[in-house]
Amino acid sequence: MTDTLLPARIETSQDEGATRLALHGAFSLVILTPLVRDLTRAVASGAVTIDLTAVSRLDSSAAWAICIAEKDAISNGQSFQITGLSEESKTLLGAIKKALPQPDTAHPKPLRLSDRLENVGRTIAASGQFLLELLGYLGLFIDRMFRSIRHPSTFRFTALVHHCTEVGVKAVPIVALMSFLIGVVLAFQGSTQLRQFGAEVYVVDLIAISVLRELGILLTAIIVAGRTASAFTAAIGSMKMREEIDAMRTLGIDVAGALFVPRILALLLMLPILGLIANISGLVGGGLMSWIDLGISPGMFQTRLIENTGIWHLLIGMIKAPFFALIIGIVGCHAGMQVGSNAESLGQKTSASVVTAIFAVIVTDAIFSIFFAQVGV
Amino acid sequence: MTETEKEIVIRIRGLHNQFGHHVVHQDLDLDVYRGEVLGVVGGSGTGKSVLLRSICGLQTPKAGEIDVLGTNVLTASDDERSRLERRWGVMFQDGALFSSLNTRENIEVPMRDIVGLDPILRAQMADLKIALTGLPYLAGDKFPSELSGGMRKRAGLARALALDPEILFLDEPTAGLDPIGAAEFDILIRQLSKSMGLTVFLVTHDLDTLHATCDRIAVLAEKKVLVTGTMKQMLDVEHPWVFEYFHGPRARAAMDAIPAKKAD
Numbered sequence: 001m002t003d004t005l006l007p008a009r010i011e012t013s014q015d016e017g018a019t020r021l022a023l024h025g026a027f028s029l030v031i032l033t034p035l036v037r038d039l040t041r042a043v044a045s046g047a048v049t050i051d052l053t054a055v056s057r058l059d060s061s062a063a064w065a066i067c068i069a070e071k072d073a074i075s076n077g078q079s080f081q082i083t084g085l086s087e088e089s090k091t092l093l094g095a096i097k098k099a100l101p102q103p104d105t106a107h108p109k110p111l112r113l114s115d116r117l118e119n120v121g122r123t124i125a126a127s128g129q130f131l132l133e134l135l136g137y138l139g140l141f142i143d144r145m146f147r148s149i150r151h152p153s154t155f156r157f158t159a160l161v162h163h164c165t166e167v168g169v170k171a172v173p174i175v176a177l178m179s180f181l182i183g184v185v186l187a188f189q190g191s192t193q194l195r196q197f198g199a200e201v202y203v204v205d206l207i208a209i210s211v212l213r214e215l216g217i218l219l220t221a222i223i224v225a226g227r228t229a230s231a232f233t234a235a236i237g238s239m240k241m242r243e244e245i246d247a248m249r250t251l252g253i254d255v256a257g258a259l260f261v262p263r264i265l266a267l268l269l270m271l272p273i274l275g276l277i278a279n280i281s282g283l284v285g286g287g288l289m290s291w292i293d294l295g296i297s298p299g300m301f302q303t304r305l306i307e308n309t310g311i312w313h314l315l316i317g318m319i320k321a322p323f324f325a326l327i328i329g330i331v332g333c334h335a336g337m338q339v340g341s342n343a344e345s346l347g348q349k350t351s352a353s354v355v356t357a358i359f360a361v362i363v364t365d366a367i368f369s370i371f372f373a374q375v376g377v
Numbered sequence: 378m379t380e381t382e383k384e385i386v387i388r389i390r391g392l393h394n395q396f397g398h399h400v401v402h403q404d405l406d407l408d409v410y411r412g413e414v415l416g417v418v419g420g421s422g423t424g425k426s427v428l429l430r431s432i433c434g435l436q437t438p439k440a441g442e443i444d445v446l447g448t449n450v451l452t453a454s455d456d457e458r459s460r461l462e463r464r465w466g467v468m469f470q471d472g473a474l475f476s477s478l479n480t481r482e483n484i485e486v487p488m489r490d491i492v493g494l495d496p497i498l499r500a501q502m503a504d505l506k507i508a509l510t511g512l513p514y515l516a517g518d519k520f521p522s523e524l525s526g527g528m529r530k531r532a533g534l535a536r537a538l539a540l541d542p543e544i545l546f547l548d549e550p551t552a553g554l555d556p557i558g559a560a561e562f563d564i565l566i567r568q569l570s571k572s573m574g575l576t577v578f579l580v581t582h583d584l585d586t587l588h589a590t591c592d593r594i595a596v597l598a599e600k601k602v603l604v605t606g607t608m609k610q611m612l613d614v615e616h617p618w619v620f621e622y623f624h625g626p627r628a629r630a631a632m633d634a635i636p637a638k639k640a641d
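Quick mapping for you: the protein sequence lines, in order, are chains A and B. Residue numbering for the first sequence follows the working numbering, starting at 1 and increasing by one per position. Residue numbering for the second sequence follows the working numbering, starting at 378 and increasing by one per position.
Because the hints were derived from the structure by calculation, they are not lab data. We put the beta carbon where it would ideally sit given N, CA and C, even for glycine. Check the hints yourself; a few may be wrong.
Stated by the list, open to error - Derived coverage of chain B by chain A (criterion: at least 3 residues anywhere in the stretch with Cβ under 8 Å from a Cβ of chain A; other residues may be distant):
no., region
1, 508 to 522
2, 596 to 607
3, 618 to 630
Unchecked claim - No more than 20 Å apart at the CA atoms, straight line, and that leaves these computed lysine to aspartate or glutamate pairs for EDC-like:
no., chain 1, residue 1, chain 2, residue 2
4, B, K571, A, E88
5, A, K98, A, E70
6, B, K571, A, E87
7, B, K383, A, E87
8, B, K383, A, E88
9, B, K519, A, E118
Based on the provided sequences and hints, a complete structural model is requested.
Structure, rendered in structure tokens:
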């Protein structure tokens with residue numbers, strides 16, 4: 001069947017007042033555009049005869065073009081003849097004719113101003129709804145916590161330990177490294193600026209305050225949001241997708257108690273510890289860089305750190321940790337429960353949960369900053 | 378049967394597939410003739426899908442030869458391969474539609490490579506394929522996630538047919554469909570293979586599909602194609618698995634349901 005690969009050709013001739021189109025070779029999508037053009041031109045000029053004798057292969061696109069031309073010619077009251085039709089082509093033409101797409105008339109109407117306003121309103125209402133839902137999840141978590149206290153036997157201790165490992169222990173290297181590098185950067189940048197005033201020694205205060213108060217816990221929370229919120233969403237979401245959640249419900253297992261409590265509680269326990277590790281390693285990084293770059297010895301760094309940095313700086317940083325943990329955990333679990341039945345929504349929700357968690361963490365941090373500034377600590 | 382006179386479009390010789398120590402195929406031979414609908418059956422884990430993937434070049438076998446339309450799939454150059462890929466279409470189990478494109482755009486994907494094809498004509502061709510596979514006209518604007526399982530399969534079939542292939546590969550075409558939807562799909566495959574002159578290679582579990590659509594059946598067992606032949610010939614095979622498969626309660630039900638109108 002090598003002739004199926006012959007290039008297609010269209011020969012046009014005038015014959016007793018009718019346009020005669022002789023098709024040669026294998027017809028496929030490659031020649032569809034010229035075929036449609038020739039057919040339209042021929043139909044526009046009057047009666048048409050199509051000779052398919054020399055066609056080695058007629059594909060559905062060519063058959064479609066012929067069917068459409070025939071339909072046009074018939075609606076114009078012209079004659080349209082097809083000759084040399086092979087048995088296979090006849091079946092194909094028949095099948096195409098039956099399937100000819102019926103153009104539909106219902107087009108989406110353009111957006112008007114009121115529609116746009118409605119969309120804005122709906123989006124705002126949806127955001128409010130979203131916040132309410134998150135609040136609902138917080139309530140659910142607290143309720144299940146109390147229930148666990150009243151009935152300690154229902155608490156899933158193994159799951160808690162497992163999630164503590166996943167959320168906390170496994171995050172230690174990345175958190176420590178990141179914080180160490182931030183300390184190095186602060187020391188380096190701070191020293192260049194402070195040297196202009198001969199105030200290099202204040203680099204210790206700079207590092208201590210910025211790491212303990214803000215950066216240590218904030219950056220830890222951001223990393224944990226990226227690591228853990230996505231992991232929560234993906235794990236719960238894929239259970240949702242495969243109807244495991246529904247199965248749990250029908251088996252009488254409390255979904256919130258079984259899935260949310262161990263995860264969020266693990267975060268609550270682990271995030272302050274991670275924050276503390278971040279603080280220490282940030283100070284170590286800063287101290288090391290101060291030693292190398294400014295010649296501030298570790299002993300001097302330690303003395304200045306203890307003398308000049310109040311305990312409040314550390315406490316302010318640590319106070320934020322449980323709030324961040326709750327936000328990350330609740331956003332992650334909530335997004336997981338929103339996953340639909342297809343894999344696409346799993347991906348969407350996972351990335352949405354990370355973005356929401358990081359955004360919420362930063363907003364909360366800003367609110368805390370304003371609050372502490374107002375309170376004066 | 379004048380099988381020697383028929384043109385062989387897929388020729389497999391000595392195929393050997395292995396995952397780790399697990400041998401899936403050993404010395405597997407199979408011929409597929411032009412214009413026929415071949416159904417490949419076999420128990421779970423006998424490598425039906427692996428066979429299909431090997432022919433389509435998605436899986437490189439350890440040894441053996443696979444010729445499709447006169448081209449050796451395993452040694453073909455990139456050019457030869459892409460020319461060959463335009464002459465076959467593959468429908469995956471759940472359609473494998475691109476989730477970011479709507480149905481019409483999905484079907485247009487293979488047509489985008491064709492130089493000189495007008496975009497409007499391309500969309501019309503996609504609509505034609507949508508109609509040919511029995512999808513409602515409005516399905517073109519829908520995204521895969523908005524389609525039901527059966528519609529997704531039809532859309533996957535429409536995409537496989539986008540370039541009017543000579544060979545159509547179907548992986549479990551009726552799996553997961555309700556009996557009515559599956560029966561309609563069987564009829565559709567039969568009709569399309571007739572009207573478009575397709576050679577169909579289908580992997581299935583479904584006895585009804587075998588009855589309703591297949592000209593010939595190949596049974597995979599013991600790491601090779603144990604036997605090929607028509608449904609009638611299958612009934613006389615004495616191999617225990619084949620006997621159980623074609624004489625089990627489900628097989629009898631399927632045979633009773635469809636009167637012997639296969640002689641078309």
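Each hint, compared with the structure:
Counting residues of the region 508 to 522 of chain B whose CB lies closer than 8 Å to any CB of chain A gives 5, so the stated coverage by that chain holds, three being the minimum. Counting residues of the region 596 to 607 of chain B whose beta carbon lies closer than 8 Å to any beta carbon of chain A gives 0, which falls short of the minimum of three for the stated coverage. With a cut-off of 8 Å between beta carbons, the region 618 to 630 of chain B has 0 residues touching chain A; three or more are needed, and the interface restraint is violated. Only pairs whose Cα atoms come within 20 Å are accepted, and B/K571 paired with A/E88 is accepted, the gap being roughly 8 Å.
For the proposed pair A/K98 and A/E70, the alpha carbon gap of about 14 Å is at most 20 Å, so the pair holds. Pair hint B/K571 plus A/E87 holds up; C-alpha atoms about 11 Å apart against a cutoff of 20 Å. As the CA atoms of B/K383 and A/E87 are separated by approximately 18 Å, the hinted pair is consistent with the 20 Å bound. Simply put, B/K383 and A/E88 have alpha-carbon atoms about 17 Å apart, close enough for the 20 Å limit, and the pair holds.
Our distance criterion of 20 Å between C-alpha atoms is broken by B/K519 and A/E118, whose separation comes to about 24 Å.
Hints 2, 3 and 9 from the earlier list are contradicted by this structure; the remaining hints agree with it.
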